[in-house]
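Q: Chains as they are written, first to last, in my numbering: chain B, 1 to 340; chain U, 341 to 672.
Treat the hints loosely; a few may be bogus.
Non-contacting residues of chain U with respect to chain B, defined by C-beta distances greater than 10 Å in every case (computed) [as the list claims (entries may be wrong)]:
(1) Ser395
(2) Leu398
(3) Ile408
(4) Gln497
(5) Ser511
(6) Thr515
(7) Ser533
(8) Pro543
(9) Gln557
(10) Thr581
(11) Ala603
(12) Ser604
(13) Gly615
(14) Glu665
(15) Pro667
(16) Pro668
Listed next, the in silico EDC-like pairs over lysine to aspartate or glutamate satisfying Cα-Cα at most 16 Å (straight line) [claimed, not checked]:
(17) U:Lys418 - U:Glu391
(18) B:Lys180 - U:Asp411
(19) B:Lys249 - B:Glu200
(20) B:Lys88 - B:Glu62
(21) B:Lys242 - U:Glu391
(22) B:Lys242 - U:Asp587
(23) B:Lys153 - B:Asp303
(24) B:Lys152 - B:Glu276
(25) B:Lys249 - B:Glu216
(26) B:Lys249 - B:Glu276
(27) U:Lys561 - U:Glu580
(28) B:Lys88 - B:Glu111
(29) B:Lys325 - B:Glu157
(30) B:Lys182 - U:Asp587
(31) U:Lys607 - U:Glu523
(32) B:Lys182 - U:Glu397
(33) B:Lys242 - U:Asp432
(34) U:Lys491 - U:Asp587
It should be emphasised that the hints constitute simulated quantities derived from the structure, not laboratory data. In this text, a Cβ means the ideal position worked out from N, Cα and C, and glycines have one as well.
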Amino acid sequence: MKPTSIVASIALSAFALLCSLGVALAQADCKSLVKASPFGPDDQVGATNRITPAVTKAAAAEIQTGAVVSMAYNLVDGVPLFGTRFTKTVLTAVALVPGAEFGKNKLTYMEDTYLSQSHVGTHIDGMGHIGVQDCYYNQTPMGKFVTQNGIKKLGLENLKSFATRGVILDMVKVFQDAGKLKTNPACRTPCLDGGTVITEADIQAALKMYNVTLREGDAVFLHTGWGDLFNQFPAQNANYNKAEAGLGKAAAQWLADQKVVLVGADNWAVEVIPGEDAQEAFPVHALLLTNNGIHIIENVRTDLIAAEAASSKRATFFLSMTVPKAAGTTGTFVNIEAIR
Amino acid sequence: MKRRHFLLGTLALVVSPRATSAETRRFRVAFANLNEEPGTWIEGLGFTGAEIRRSFELASRGLPLDLIYYDNAGDAEKALANAADAVSRGVDLLIEYNSDAAANAEIGRRLKTAGIPVLAISYPIPGAPLYTADHLAAGRIAGKALGQFAKENWSEQTPVAAILGDVADPSPSVTARIQGMTEGLRQELPNVSPIRLDSAGHPVRAEGVLAKFLGTQTRRKVLVATLDDASALAAKSAIETAARTSDCVIVSQGVSRSIHGGASEKKEIDPANRGSIVLGSVAYYLDRYGYEVLPIALRMLQGEQVPERTMTNHILISAKNVFVEYPPYDMN
C-alpha cells in the first residue's frame, strides 16, 4: 500500500471511530468510574507532579560513576508490533542528487518522514491512551475532547520532567531465588513464562534483594527476561506478543500506593497476560494510568541494567528520559538511559 | 486500659496463628480432563482439551490451590487409573471430567472410600456436585434469537428453519441443544418447525447439505441454527456461494476461537462486522471452565455447602458484545 493510501486509510478509520465514539460514549458518569486526581480538578500532569526539584536533586545523588546504560531498543523494521500497527521512516535525500547541492560549498542535507504508530518500540503510554468508557484520567469525559487530529486534554505536552530516581526490580532473580522460575523455552536466557503473575510479595523480595526502599516519585522498571524474545525479532515476535509475565492488580495497586511516577517493563503491556480475570481487559493499565496518572513504559530494554545491578549490587540509577511535546498525542516512542 | 490491652494482646496471640494458618492453607487438587488429544473437540463445540486445561492453569494462579493434571484421554480405563493415582497421592479433592457413566460411578465409590471429595464436570458422579453446561437453555437462546430476527425483519412472511450439524449424535447434550433450539424458535414463531440437516459433524458436508437445502427453498427466508461454530462458518460459505445473503441468517453454538478473534485477529464475530449473516453464537465458555469450577472446588475444601448442580450462564455473543465478553489482549 502506498504511504498516501495508508495515511488516508488511517484518517478515515480514525474519523469513523470518532463518529461511533461520539454516539456510544457520551453518557458515562466519570465521577463514578474514575478517581479524582490528588493534584486538583484541572490536573493533566498526573504522577509527574511528584517529580519536584527536591526529588530530582535527590535522584542526582545516584550519579556516582557517570556510566550510562541504555534501556531502549532500536526502532527498526521487524520488531514486534501488533496487528495493523506499523513504523516506517521515509528518507528524503533530494539534495544528494548531483547538481542539487546548495551553494558553492555544495551543502547537502537529508530529512526523514515518520509514518509510524506512536505506541511502537520502547514507548510511553500517555494518559490519553486508556480510559473506562469515555472517562480518562482525573474524571475527564474524553468524548468532549477528541478530534480527528488528536486530543485536546491529557496530551503528552502536559507532562513534567521524568528526571527522577529509577529502580530496577530483577524479577528473574527473585523467581530463581525462590525456586519458582518457570521459563519459556523460546527465551535464550532465563525469563518468567507468559501468564506468570508478579505479586506484591515478589516486588518486596526484589526490593529487599538490593536493599531498596521505594520513595515517592520513583520510576520502577521490571526485568522479567521476556525482552529476550523482543531481541530475537522477528523470529519470536508471535511468542512475544502472545502472552507475558507481569504485574497483577494487587501488585500494581501497591506500587500506586508507593506514589511512583511510572512503571516500565521488558514486555509489551507491563501487566500479566492473560490477565487474572478472563473477563477484564488490561486492568493494570486502567489502575495505573486512568486512576492514578502513573505512566506505563513498554518494551523497555532491562537486561543491561539488571546485569549492571547484579554486578554492583545497586538497583538504583538516575533516570534520563524525555518525552517530546507532541501535543494531543496519547503516546510516543522514547529513549531511556540509566545514569549510574 | 492496660488490662484491656493485655486481654486484646492475648486474644490476638490465640487467634492469629489459626487465622494465618487458614489463610495460607494450600490444597492439592487433581483435575482429570476429558480428552487432551490434539484435534479432538470437546462436547463437539470447537474447544480442545488443552484450552480447558489452560483455563485451570490460569484460574488457579490467584487461588490457594496446587493442581495435579491428568488426561482421561476419552477412555474409561484411563479415567479409573487416573482416579486411583489421585487417591494414592492423597489429593484434597478430585475434579473429574469423564463421560463414561459406569466409570464415574466407580470413581465416586473409590473416592468416597478414600474420603476425598469429588466435583464432577458435565457428567454426573453419584454424591458429587456437578458443574455443567445448560444445553437446553443454550439451544433456546439460539432459537429465540433467530425467531426474533425473523419477526423484526421479515414480518410479512413465514421463514423456514434448519438445524445444521451432527444432528444424529445421540448424546444427551446434542439432543438437549436441538430441543432447546426448536422450543426457542417456536416461542417466537409458533408455526415454524425446523428441519434437521445432518452433516455428521463435518463442516464440508455441512456446506453441501445446506447448499442442497437452499436449492429447494429459493423463495423463502431461511433461519439456520448450527450445533457448532465450524458448521456456522460452513453455512455462511454455502449461503454466500448461493448468493442468498439477503435472505438467510445463522445463529451458532460455542463461541470457540474459530468464530471470534481479537483486536487484530479478525474473525466472523467482530465489532467491525455488524452486518454479518452470522447473528451470533451462544457462549459455552469451555475455555473458562477453570475460572468457573475452581472457586466451587475451593468452597468445598473450605467446608462450605455448594449447590448440587451449577450451570453455565449462557448468553448470545454477537458483534455488539463480543469484546465485552471476550476482551481482546492482542493490542496494548
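Q: So which of those numbered hints doesn't the model satisfy?
A: 1, 2, 11, 12, 14, 15, 16, 17, 18, 20, 22, 23, 24, 25, 30, 31 and 33
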